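The chain contents come next:
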Amino acid sequence: HSVGAGLCAAGMIAIVPGYISRSVAGSYDNEGIAIFCMLFTYYLWIKSVKTGNIYWSALCAVAYFYMVSSWGGYVFLINMIPLHVLVLMICGRFSHRVYVAYCTVYTLGTLLSMQISFVGFQPVQTSEHMLALGVFGLCQIYAFVEYLRANMTPEYFNILFKSLVIIISSIIAVGLGVLTLSGKVAPWTGRFYSLLDPSYAKNNIPIIASVSEHQPTSWSSFYFDLQILTFLFPAGLYYCFSKLTDHNIFIILYGVFAVYFAGVMVRLMLVLAPVMCILSGIAVSSSLSTYMKYLDGSGSQTKAASKQGKGRQDTNSTQQREGTAYLFVVLMTFFLVTYTTHCIWVTSEAYSSPSIVLSARSHDGGRIIFDDFREAYWWLRENTPEDAKVMSWWDYGYQITAMANRTVIVDNNTWNNTHISRVGQAMASTEDKAYEIMRELDVDYVLVIFGGLTGYSSDDINKFLWMVRIGGSTPEGEHIKEKDYYTPSGEFRVDGEGSSTLLNCLMYKMCYYRFGQVYTETGKPPGYDRVRNVVIGNKDFELDVLEEAYTSEHWIVRIYKVKDLPNRGTR
Amino acid sequence: QAHTCLIHFIKSTMSGTSLATVVGKFLTDYTSNTPNKLKVIDAYLTYIFFTGVFQFVYCCLVGTFPFNAFLSGFISTVASFILGVCLRLQVNPSNKSQFINISPERAFADFIFAHVILHLIVINFIG
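So the sequence lines, in the order shown, correspond to chains Z and H. Residue numbers are given in this note's numbering: position 7 of the first sequence equals residue 7, and the series is strictly consecutive. Residue numbers are given in this note's numbering: position 64 of the second sequence equals residue 64, and the series is strictly consecutive.
Hints are not guaranteed to be accurate.
Label pairs and their calculated CB-CB ranges [to be verified]: (1) Val116(H) with Glu436(Z): 54 to 60 Å; (2) Pro488(Z) with Phe67(H): 28 to 34 Å; (3) Asp387(Z) with Val57(H): 33 to 39 Å; (4) Tyr326(Z) with Pro93(H): 18 to 24 Å; (5) Val116(H) with Thr407(Z): 41 to 47 Å; (6) Val57(H) with Glu436(Z): 50 to 56 Å; (7) Val256(Z) with Pro93(H): 37 to 43 Å; (8) Pro104(H) with Ser218(Z): 55 to 61 Å.
From the structure, some residues in chain Z lie toward chain H, with a derived Cβ separation under 7 Å [stated by the list, open to error]: (9) Asn53; (10) Ile54; (11) Tyr55; (12) Leu112; (13) Gly137; (14) Ser218.
In case anyone wonders, no lab produced these hints; they're calculated from the structure. It should be emphasised that the depicted structure is a prediction, and the values quoted were computed from it without experimental measurement. C-beta: ideal position from N, C-alpha, C; glycine also.
So here's chain Z without its partners, still in its complex pose:
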């Protein structure tokens, strides 16, 4: 758009919380690099559309390859670019430049993306990539038709055109039908289908629904992450519409689709942040430059007016304009300053505290540090054999692998749903059934997180229902039904009223072992769970298949050793 807009947008991207949330230590994930790659690819794409050079398009394909190698969200890119071309075709702006740009990017880019083993042959087999292929075919047809039209007289052209259209569309329709029916072209995979139909994941694939970042976004989190950008975004859209060019159309499309997807999943707020910054940058710089003109010009205007002795009206109106211009500039500066302070505050409060060392305030105001995680992982590292396998819920997989240096059964990559479901079944079954599963998975130690003593609310009992849902989602877990774990009235309770399946399952026993004798709060009986705020139901029990190996200082991490098979077969 202009250099000023670029500078503004760059300043905003540097501090926008939506992006920082994924690039600081502690929440660093693939997206930190991926957003840079994505923006780089988009930049090169716009450049290649503008110039029609094969050079820029080839570079765009290489940048796209970089993007594919960093994040699965490249699907967004490979659908956004064909969509842009399609919209250009519909608007009648399809030119040779666009043809050159898109075809080069698509062919080179697809071939490059197939080099990544995770992607493999998906670009020619799955529905997510079919739009790109379809638009590619359409480009060829369109360009060929244009070529014929340029070289022939109209009536000849019409005859040829009609016959070609009929032949080609019938071939395509038959071909597509055959391929989809015979199953060669796979339907949309779960992750992306849930973007189109948000209720799909909830009903069919619990593991996708359980990740807290996959929940729909609320308005407050939009404002929290983006602040004034939410207001400047429509203004930027307006400015883009007013000067409609090929690349402005692209920004508009990107912005609109990013808003939709960010509304479906919180995690995709990250994708929205850059385009919001760009559009807001455009809005800020356009409006500022409109108003600054009055500030600069008004000085010389008043001089000229007084020299020529023109009427008071002129000086009045220029003064008015000057006044509004000053007001606007001051207002805009104020907004930008509040934006900076908000971003700084958000980053320091919400995105900077480490999540592995917790702190709280005690009654006398002093700070208590809960270093239980590291304490327990260090114990694991020092006191277990090197080839021990640890079973825990997948949230802690990476931490255990890194800090305790032991093999885990499932970790944060959550790639293998059946495996995680098996772990969920083990956690949700009775001790005997769980022992069979643990022998099958060859588990030596089991680790759970328990917050009842300290009031730490992200513990495994609170996540337990997700374990049940995921455990019950595969064929081996058919006997695990979520409603067995609720009371007859439909509540999830761990006290005396709780359902017996819940009170006897492995997770319950591991969390509350020996807890029945502990006094947690003054005035309450022993065994009072400070997170659920009830006294637990099943108190004095013994464990048959596990023995307690280690419990950290504030009982946050509890580690159990799986007992070997008894020597004589009777227990």
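Based on these hints, arrange chain H on the given structure of chain Z.
Then chain H, alone, in the frame of chain Z:
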């Protein structure tokens, strides 16, 4: 040539005379109006097109076992075809208004650059 192929294609469908005259006129216009440079590129394009067709037919007959080899070969022909078309578009003097800063030499240099990248990938992918 591509145009004989086109005629075979259309002959099997619709009524003969009007279509045949259209195509015939197109052919004569083509041979007289296009400059030699473009004809050379067009000949290259037809050659690439046929290699692609042959690969595809072979794959249909024999099966897709080393799928990556098939894909890399086929896409390499498609990409070469596309790059050839892009070169033709950029070199064609009647399109000069759309490609403002691109001289034919620059277009050819970009073409080579893209081909280098293309062949690097193809060699990696053939496996």
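Results for each hint:
1. Val116(H) with Glu436(Z): 54 to 60 Å: Between valine 116(H) and glutamate 436(Z), where Cβ atoms are some 59 Å apart, the hint holds.
2. Pro488(Z) with Phe67(H): 28 to 34 Å: violated, 56 Å
3. Asp387(Z) with Val57(H): 33 to 39 Å: violated, 54 Å
4. Tyr326(Z) with Pro93(H): 18 to 24 Å: The hint (18 to 24 Å, Cβ to Cβ) is violated, given that tyrosine 326(Z) and proline 93(H) are roughly 54 Å apart.
5. Val116(H) with Thr407(Z): 41 to 47 Å: holds, 44 Å
6. Val57(H) with Glu436(Z): 50 to 56 Å: holds, 55 Å
7. Val256(Z) with Pro93(H): 37 to 43 Å: holds, 39 Å
8. Pro104(H) with Ser218(Z): 55 to 61 Å: holds, 57 Å
9. Asn53: Where the cut-off is 7 Å and the nearest Cβ of chain H is about 6 Å from asparagine 53(Z), the hint holds.
10. Ile54: This interface hint holds because 4 Å falls under the 7 Å limit.
11. Tyr55: Since the shortest Cβ distance to chain H is 4 Å, the answer is holds.
12. Leu112: holds, 6 Å
13. Gly137: violated, 11 Å
14. Ser218: With a minimum Cβ separation of about 44 Å from chain H (threshold 7 Å), the hint on serine 218(Z) is violated.
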